[in-house]
Amino acid sequence: AQTVTQSQPEMSVQEAETVTLSCTYDTSENNYYLFWYKQPPSRQMILVIRQEAYKQQNATENRFSVNFQKAAKSFSLKISDSQLGDTAMYFCAFMKHTGANNLFFGTGTRLTVIP
Amino acid sequence: DVKVTQSSRYLVKRTGEKVFLECVQDMDHENMFWYRQDPGLGLRLIYFSYDVKMKEKGDIPEGYSVSREKKERFSLILESASTNQTSMYLCASSPLGRLLAGTGYEQYFGPGTRLTVT
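Chains C and Z supply the protein sequences, listed in that same order.
The numbering of the first sequence is our numbering, which starts it at 4 and goes up by one.
The numbering of the second sequence is our numbering, which starts it at 1059 and goes up by one.
Chain C on its own, in the form it takes in the complex (with noise of 0.2 Å):
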């Protein structure tokens, strides 16, 4: 079974700082992906950041980057120069390389900006 971690319920950050979020994630599977999905408050659900296991390199989106640390089953988010607007729940998410297409999530990060 595939579980994630998010040990982090709650954090601030001052805007324009950089703040980031920590994951970890239990797994038998060689190759996964991973991904960060951001719920502002009472807005959808979006995809922040994918990153595929067999890929080294980590993954980097405009101000948003990640940490993937294979071997140490680790995933964390940076939020560079962080605004206002990325204050939102924070949800860390595993999806196997075969088989369903379901994501395991963790219990989620509450980010605030603080301006």
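It is possible that part of the hints are untrue.
What the hints assert, rightly or not - Taking lysine to aspartate or glutamate pairs in the EDC-like style, the calculated list, with each CA pair at most 20 Å apart, reads:
#1 Z:Lys1113 x Z:Glu1130
#2 Z:Lys1071 x Z:Asp1096
#3 C:Lys99 x Z:Glu1164
#4 Z:Lys1061 x Z:Asp1086
#5 Z:Lys1111 x Z:Glu1127
#6 C:Lys73 x C:Asp29
#7 Z:Lys1111 x Z:Asp1086
#8 Z:Lys1129 x Z:Glu1164
#9 Z:Lys1115 x Z:Glu1080
#10 C:Lys99 x Z:Asp1109
#11 Z:Lys1076 x Z:Glu1137
#12 C:Lys99 x Z:Glu1088
#13 C:Lys99 x C:Asp29
#14 C:Lys58 x Z:Glu1137
#15 Z:Lys1061 x Z:Asp1084
#16 C:Lys99 x Z:Glu1127
#17 C:Lys99 x Z:Glu1114
#18 C:Lys58 x C:Asp29
Unchecked claim - In silico contact screen, one side only, chain C against chain Z (beta carbon under 7 Å); selected entries:
#19 Pro43
#20 Gln47
#21 Met48
#22 Leu50
#23 Gln54
#24 Ser68
#25 Phe108
#26 Gly111
#27 Thr115
Note that these hints are calculated values from the structure, not bench results.
If you're wondering where the values come from, they're calculated on a predicted model, not measured in any experiment.
Even glycine gets a Cβ: it sits at the ideal position worked out from N, Cα and C.
Since chain C is already given, all that's left is putting chain Z on it; use the hints.
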């Protein structure tokens, strides 16, 4: 733009009622999913479907059933609502069927239905 819509944003039902939650997607996606979201528990998969009339149980299917008669519509049914089913319910869809799994496509989520069972 992919659009996933859910029939209600807020719903209040009584214990024992049969409840239908509807989800519609407009991008011809094969996969559709129902999750429930609870504080401190994240999102947990209830059921998913990778084709019309096909369904598979997720992690917490007890007390729920689903129906997928048309590709664009996936319904979640609470046969006899109970107070422990008070939750936020999220529907999602993604492209490609089960046999073509492995492409890591993202899931597109609806706005959610906050269900209260009293």
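Here is how each hint holds up against the structure:
no.	hint	verdict
1	Z:Lys1113 x Z:Glu1130	holds (14 Å)
2	Z:Lys1071 x Z:Asp1096	holds (18 Å)
3	C:Lys99 x Z:Glu1164	holds (12 Å)
4	Z:Lys1061 x Z:Asp1086	holds (10 Å)
5	Z:Lys1111 x Z:Glu1127	holds (6 Å)
6	C:Lys73 x C:Asp29	holds (10 Å)
7	Z:Lys1111 x Z:Asp1086	holds (15 Å)
8	Z:Lys1129 x Z:Glu1164	holds (18 Å)
9	Z:Lys1115 x Z:Glu1080	holds (18 Å)
10	C:Lys99 x Z:Asp1109	holds (19 Å)
11	Z:Lys1076 x Z:Glu1137	holds (5 Å)
12	C:Lys99 x Z:Glu1088	holds (17 Å)
13	C:Lys99 x C:Asp29	holds (12 Å)
14	C:Lys58 x Z:Glu1137	violated (44 Å)
15	Z:Lys1061 x Z:Asp1084	holds (6 Å)
16	C:Lys99 x Z:Glu1127	violated (27 Å)
17	C:Lys99 x Z:Glu1114	holds (16 Å)
18	C:Lys58 x C:Asp29	holds (18 Å)
19	Pro43	violated (11 Å)
20	Gln47	holds (5 Å)
21	Met48	holds (4 Å)
22	Leu50	holds (4 Å)
23	Gln54	violated (9 Å)
24	Ser68	violated (17 Å)
25	Phe108	holds (4 Å)
26	Gly111	holds (5 Å)
27	Thr115	violated (16 Å)
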